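Fit chain B to the known structure of chain A by using the hints.
First to last, the sequence lines map onto chains A and B.
Take the first sequence: its position 53, counting from 1, is numbered 53 in our numbering, and each next residue is one higher.
To get our numbering, take the position in the second sequence, counting from 1, and add 1000.
No lab work stands behind these hints: they were computed from the structure.
Please note that a few of the clues may not be correct.
[What the hints assert, rightly or not] These stretches of chain A come out as covered by chain B in the derived footprint (C-beta under 8 angstroms, 3 or more residues):
#1 29 to 35
#2 56 to 69
#3 81 to 90
[Unchecked claim] Just a few of them, taken from the derived set where beta-carbon distance is under 7 angstroms, the chain A residues facing chain B:
#4 F74
#5 L77
#6 V100
#7 I105
No experiment lies behind these values; they were computed from the predicted model shown.
For glycine and all other residues, C-beta sits at the position ideal for the given N, C-alpha and C.
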Amino acid sequence: MDGDERVFDDRTPGVEEYEPTANYWSYTAGLGLAVLATIASFVVSQTHLLWPPGIPVGLMVLAFAQIGVHLVFFLHLGSGPESTNNILALAFGVLIVFLVITGSIWIIANLHWNMMEMSAH
Amino acid sequence: MSTVEEALGPPMGLGTADAVPLSLRGPAPVRVVAGFGFWLFLLSDILIFAALFAAYAVLSAETAGGPAGAALFDRHNVLIETACLLASSVTCGFGSLAMQRADLRSTWFWMVVTFVLGATFLSLEASEFARMVATGAGPSRSAFLSSFFALVGTHGLHVSIGLAWLVVMLLQVATLGFQPMVSRRFFCFALFWHALDIVWVGVFTLVYLMGDFH
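If we strip away everything but chain A, and leave its shape as in the complex, we get (with noise of 0.2 angstroms):
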């Protein structure tokens, strides 16, 4: 097929590649964000701001939020299709640290809950 060549005579070869996400903006956004978050997770832990048995819950999403908020302006994982393989490692990546954190946690609090029972009576 001659649509091979169109292909490779679209691009210009040996110009230098300029990186949109990277710039000084960027990191000090994301440092705005993240400094946020941090302090939002110090206040709610030492405050009564959240209603206390929820302070666990309020503390993962301020981590999730400001994980995020490094991947997006610290890694720069984007849209792009330079980040197409990474997005899909990470959400594998993702998924299996999702199964050895929740799995431990609840096989073990299964196994505590079992051996409280025995020692219980």
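Okay, now just chain B, sitting in the frame of chain A:
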């Protein structure tokens, strides 16, 4: 093809890229491929941390009659550590921007600032560990403390490796200049450093804040 062209490759994601399907665009630039390979390493590294986080989450209540987290952790210390690591992430980013502009003086400046902030973080963590061990709350005291030292210590070990890598990068910039391979290595270092900051977000949330709220 010169090494510069080889490393930088054609501009992707700009203008004409949308007209060409992803599968027909030919080989990706070396920087993207190297970044992806390093990204896979980082994800496998984060799986190590996931196992340690899981161990900590399971064992954090098992103090065996010893001190619990609330009695051991100094939240001001943690806040300063967090600030150091976050600031060093940003200065590392400024360093990679300076490297893209091939600006030697500001590259050096931001790399040295990154090193100083990372070293401050590490010395704060080391003094915290030393204080805990001195008061009898070492890793052998309880399952909670074993998992604490394993998780936070592994993160600290990664930061030390990062600092050693940063020194190597400083020397390479000084001796080799802004060659594509040097800039690619610094790009991977920046990914590593930012990933450590992400792990630290999990550490300070799970270990220091959740163990400490009233």
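Notebook entry, point to check: Of the numbered hints stated previously, which ones are contradicted by the structure, given in increasing order?
Noted result: Failing hint: just 5.
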